[in-house]
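Undergrad: Using the sequences and the hints given, assemble the complete structure.
Here's the letter readout for the chains.
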Amino acid sequence: MEQAPPDPERQLQPAPLEPLGSPDAGLGAAVGKEAEGAGEESSGVDTMTHNNFWLKKIEISVSEAEKRTGRNAMNMQETYTAYLIETRSVEHTDGQSVLTDSLWRRYSEFELLRSYLLVYYPHIVVPPLPEKRAEFVWHKLSADNMDPDFVERRRIGLENFLLRIASHPILCRDKIFYLFLTQEGNWKETVNETGFQLKADSRLKALNATFRVKNPDKRFTDLKHYSDELQSVISHLLRVRARVADRLYGVYKVHGNYGRVFSEWSAIEKEMGDGLQSAGHHMDVYASSIDDILEDEEHYADQLKEYLFYAEALRAVCRKHELMQYDLEMAAQDLASKKQQCEELATGTVRTFSLKGMTTKLFGQETPEQREARIKVLEEQINEGEQQLKSKNLEGREFVKNAWADIERFKEQKNRDLKEALISYAVMQISMCKKGIQVWTNAKECFSKM
Amino acid sequence: MYETCVVLFLFRSVEHTDGQSVLTDSLWRRYSEFELLRSYLLVYYPHIVVPPLPEKRAEFVWHKLSADNMDPDFVERRRIGLENFLLRIASHPILCRDKIFYLFLTQVFFFYLADSRLKALNATFRVKNPDKRFTDLKHYSDELQSVISHLLRVRARVADRLYGVYKVHGNYGRVFSEWSAIEKEMGDGLQSAGHHMDVYASSIDDILEDEEHYADQLKEYLFYAEALRAVCRKHELMQYDLEMAAQDLASKKQQCEELATGTVRTFSLKGMTTKLFGQETPEQREARIKVLEEQINEGEQQLKSKNLEGREFVKNAWADIERFKEQKNRDLKEALISYAVMQISMCKKGIQVWTNAKECFSKM
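Residue numbers (the UniProt record's numbering), protein chains in the order written: chain A, 1 to 450; chain B, 1 to 364.
Keep in mind that a hint or two might mislead.
[As the list claims (entries may be wrong)] Within a straight-line C-alpha distance of at most 30 Å, the following computed DSSO-like cross-link-like pairs (lysine-lysine) qualify:
id, chain 1, residue 1, chain 2, residue 2
1, B, Lys132, A, Lys434
2, B, Lys349, A, Lys419
3, A, Lys411, B, Lys358
4, A, Lys419, B, Lys167
5, A, Lys434, A, Lys444
6, A, Lys449, B, Lys333
7, A, Lys419, B, Lys184
8, A, Lys419, B, Lys304
9, A, Lys449, B, Lys128
10, A, Lys419, B, Lys358
11, B, Lys132, A, Lys270
12, B, Lys132, B, Lys328
13, B, Lys304, B, Lys138
14, B, Lys333, A, Lys444
15, B, Lys358, A, Lys253
16, A, Lys253, B, Lys348
17, A, Lys270, B, Lys252
18, B, Lys363, A, Lys224
19, B, Lys167, A, Lys444
20, B, Lys128, A, Lys253
21, A, Lys449, B, Lys349
22, B, Lys184, A, Lys224
23, A, Lys270, B, Lys315
24, A, Lys188, A, Lys205
25, A, Lys444, B, Lys349
26, A, Lys253, B, Lys333
27, A, Lys214, A, Lys401
28, A, Lys434, B, Lys315
29, B, Lys132, A, Lys444
30, A, Lys270, A, Lys444
31, A, Lys435, B, Lys315
32, A, Lys270, B, Lys333
33, B, Lys363, A, Lys434
34, A, Lys401, B, Lys184
35, A, Lys435, B, Lys333
36, B, Lys325, A, Lys449
[Said to hold, decoys possible] If you want the footprint, here are the derived chain B segments under chain A, 3+ residues with CB under 8 Å:
id, region
37, 161-169
38, 207-213
39, 304-314
40, 340-346
No wet-lab data here; the hints were simulated from the structure. All C-beta atoms, glycine included, are put in the ideal place defined by N, C-alpha and C.
TA: Written out as structure tokens, the structure is:
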């Protein structure tokens with residue numbers, strides 16, 4: 001039943017992993033009742049209809065967050081937050097949902113899942129996790145990870161992360177992902193047993209590749225530039241948004257002072273007293289309305305932040321490509337060098353440097369038998385090398401094809417989601433102005449009746 | 001040191017049958033001359049709540065405005081304030097008929113009128129039987145001044161923060177512009193949205209210029225509170241004067257009685273010297289009694305007229321105070337309504353801008 005995880009080197013076409021649920025069923029996703037992310041549900045539905053052998057829909061939700069204490073790897077007491085993941089399968093006929101699985105996970109396990117996916121699906125733009133620590137906070141919010149508001153927003157972010165994976169045509173079929181949702185104990189061991197950490201490319205190697213690639217693919221270079229610029233723009237946007245939130249908060253709260261002054265004033269006036277008192281009340285209502293508004297507004301900031309982190313995921317795909325390209329170039333170079341050596345040995349001319357060549361010069365010619373032996377070894381190596389180069393080339397082309405398919409999918413998702421986030425922000429601003437009109441119209445009424 | 005000369009184009013409108021107005025007089029006055037006019041009115045119409053001048057130095061400024069008296073915006077607002085001051089006087093049933101006011105509008109050289117009574121207004125003294133209505137009025141004017149000060153401070157803070165919010169939207173404009181440069185499909189939409197953000201950011205300057213006007217309306221009443229207190233002080237002064245005169249009369253009557261009966265109960269220098277240097281003759285005593293009786297007569301006349309003056313003052317002052325109260329309620333109500341209307345208009349502009357931005361986003 002347990003299939004060995006496929007070799008990542010061959011993970012270029014999505015291997016038909018063991019499907020989930022029932023033999024012919026796969027995993028689609030509908031938005032769980034707690035979720036507020038929107039864009040991905042339509043792609044989930046599309047995926048469903050595309051693979052029309054699926055019989056069941058599955059709902060995933062991260063429904064609760066709980067503070068826990070435990071012992072860490074160094075046997076020291078620590079406090080952490082655990083999140084409840086509930087999976088429900090939806091009956092096709094009557095739309096009812098039945099709870100099929102429910103387990104608790106902490107943030108580090110989500111991180112593990114993502115690291116695994118990054119290694120096994122290098123051509124996929126893997127959905128990012130919500131931020132580990134609160135950043136781009138405007139002053140009022142606590143930057144504390146234990147702060148209930150932060151925990152709540154993280155809960156929503158983690159749910160969004162799972163939904164993104166579940167609605168991805170390729171990632172949704174991954175076994176480890178399935179186990180993440182269903183197997184509480186031992187899941188960490190199972191992941192580690194895949195040995196994915198060993199297969200992960202070292203950071204240093206990747207960096208090296210960036211500088212050494214001779215023939216970079218322009219499309220990937222452009223994509224990398226784009227992801228840098230997107231990250232920069234979204235950072236600016238988030239900073240501006242934090243400043244706007246901060247100042248809006250200030251404006252609203254200062255209206256509370258109006259409330260106090262009108263109250264004071266009403267005490268000394270006879271005819272105007274009632275009017276001023278009522279107006280003061282409206283000012284207080286206005287001042288306190290900002291708290292809810294900015295709580296909602298935090299949500300749009302989170303939508304933007306997701307794409308800040310998606311930029312990094314994009315860059316990861318580009319880096320993988322560079323690495324493969326570098327690898328290929330090195331292999332080709334090595335092959336060419338061996339061929340050269342072989343030729344020289346055969347013809348007797350020495351043009352390329354080799355240790356054997358040097359020692360021969362220093363210590364005397366080798367025998368014809370020795371030379372033959374060496375040529376034979378080289379020819380074997382050249383054969384092997386040519387095979388490897390051929391398969392690397394094939395891999396490379398497959399990678400580019402699949403990566404580009406996912407990048408196109410990602411671009412459309414990004415445009416949809418960001419457009420929606422911006423529209424939501426505009427709608428929120430309009431709603432704020434409308435509330436302002438209401439409050440000041442009420443105040444004007446009070447003044448008119450004085 | 002120079003003060004800016006403020007130009008007034010004054011015209012006494014002489015209404016012809018066809019409603020045309022004709023410029024009859026025009027001259028230049030500086031702020032100190034306005035101050036002189038007001039000082040004069042304070043002295044000669046102590047029972048009137050004399051309209052106040054606009055502030056001498058810019059106060060309750062929120063950070064953007066210059067606090068400099070030479071600042072063109074400040075000078076402009078002062079011009080409006082001075083015009084308002086003259087209009088208030090001109091529309092007052094009693095003050096508008098004053099000759100000096102007329103000369104202020106028409107005669108180029110305006111002479112300084114020194115009056116010791118002006119100094120008396122600031123003297124401190126203790127009244128034995130204060131009129132409760134005036135005491136209450138004084139308390140009210142103190143409290144009104146306090147409330148309006150608070151209101152102006154809050155208003156300055158609101159203006160300051162609103163300015164900050166609007167200007168920061170200019171940053172949105174910049175970011176959207178940046179963003180539009182790297183996107184293909186969303187480029188145009190983002191660029192247009194950025195433009196709307198810039199429009200929004202720059203709209204605050206005009207809004208706050210208008211809003212300054214409402215602040216000035218409030219400030220006028222801040223200074224009116226002082227004018228109210230001046231009337232109360234005048235009343236106290238008159239009351240004190242009356243009490244002193246009554247006391248003096250009573251004392252003289254006492255002395256007279258004692259001289260007539262021969263008993264000495266009140267202290268007098270004459271009495272002391274008599275004790276020390278011997279009794280006076282009956283003729284001397286008669287003479288003194290006569291003098292005292294004359295003084296008493298005079299004193300009674302004076303007291304009667306002071307009482308009459310006092311009652312007249314209270315009657316007239318209270319009439320003007322009632323007029324003032326109604327004016328105050330009307331004006332402040334209007335100022336508050338205007339401020340609410342301004343806020344509503346700001347919100348409406350905000351809705352417009354963000355609806356436009358939303359349109360841009362939807363079309364992306």
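Undergrad: A separate judgement is required for each hint: does it hold in the structure or not?
TA: Okay, the hints, checked on the actual structure:
1. B/Lys132 with A/Lys434: Judged against 30 Å, a Cα distance of about 49 Å means the pair is violated.
2. B/Lys349 with A/Lys419: Roughly 23 Å separates the two Cα atoms, so the pair holds.
3. A/Lys411 with B/Lys358: 21 Å, holds
4. A/Lys419 with B/Lys167: 24 Å, holds
5. A/Lys434 with A/Lys444: 15 Å, holds
6. A/Lys449 with B/Lys333: Distance of about 9 Å is within 30 Å: holds.
7. A/Lys419 with B/Lys184: 13 Å, holds
8. A/Lys419 with B/Lys304: Violated, at about 88 Å.
9. A/Lys449 with B/Lys128: Violated, at roughly 41 Å.
10. A/Lys419 with B/Lys358: 10 Å, holds
11. B/Lys132 with A/Lys270: With Cα atoms ~17 Å apart, B/Lys132 and A/Lys270 stay inside 30 Å; holds.
12. B/Lys132 with B/Lys328: 21 Å, holds
13. B/Lys304 with B/Lys138: 27 Å, holds
14. B/Lys333 with A/Lys444: 10 Å, holds
15. B/Lys358 with A/Lys253: 27 Å, holds
16. A/Lys253 with B/Lys348: Roughly 21 Å between the alpha carbons, so the hint for A/Lys253 and B/Lys348 holds.
17. A/Lys270 with B/Lys252: 47 Å, violated
18. B/Lys363 with A/Lys224: 27 Å, holds
19. B/Lys167 with A/Lys444: With Cα atoms ~27 Å apart, B/Lys167 and A/Lys444 stay inside 30 Å; holds.
20. B/Lys128 with A/Lys253: 48 Å, violated
21. A/Lys449 with B/Lys349: Cα-Cα ~26 Å, so holds.
22. B/Lys184 with A/Lys224: 16 Å, holds
23. A/Lys270 with B/Lys315: 22 Å, holds
24. A/Lys188 with A/Lys205: It holds: about 27 Å lies between the C-alpha atoms, which stays within 30 Å.
25. A/Lys444 with B/Lys349: Between A/Lys444 and B/Lys349 the Cα gap is close to 18 Å, so the pair holds against 30 Å.
26. A/Lys253 with B/Lys333: Since the Cα atoms of A/Lys253 and B/Lys333 sit roughly 24 Å apart, the hinted pair holds (cutoff 30 Å).
27. A/Lys214 with A/Lys401: Holds - the C-alpha atoms of A/Lys401 and A/Lys214 are around 21 Å apart, at most 30 Å.
28. A/Lys434 with B/Lys315: 51 Å, violated
29. B/Lys132 with A/Lys444: 35 Å, violated
30. A/Lys270 with A/Lys444: 19 Å, holds
31. A/Lys435 with B/Lys315: 50 Å, violated
32. A/Lys270 with B/Lys333: Satisfied, since the Cα-Cα distance of roughly 13 Å is no more than 30 Å.
33. B/Lys363 with A/Lys434: 23 Å, holds
34. A/Lys401 with B/Lys184: 22 Å, holds
35. A/Lys435 with B/Lys333: Satisfied, since the Cα-Cα distance of roughly 23 Å is no more than 30 Å.
36. B/Lys325 with A/Lys449: Within the cut-off at roughly 17 Å; holds.
37. 161-169: holds (count 6)
38. 207-213: It is violated: at least three residues are needed, and the region 207-213 of chain B offers just 0 whose Cβ sits closer than 8 Å to chain A.
39. 304-314: violated (count 0)
40. 340-346: holds (count 5)
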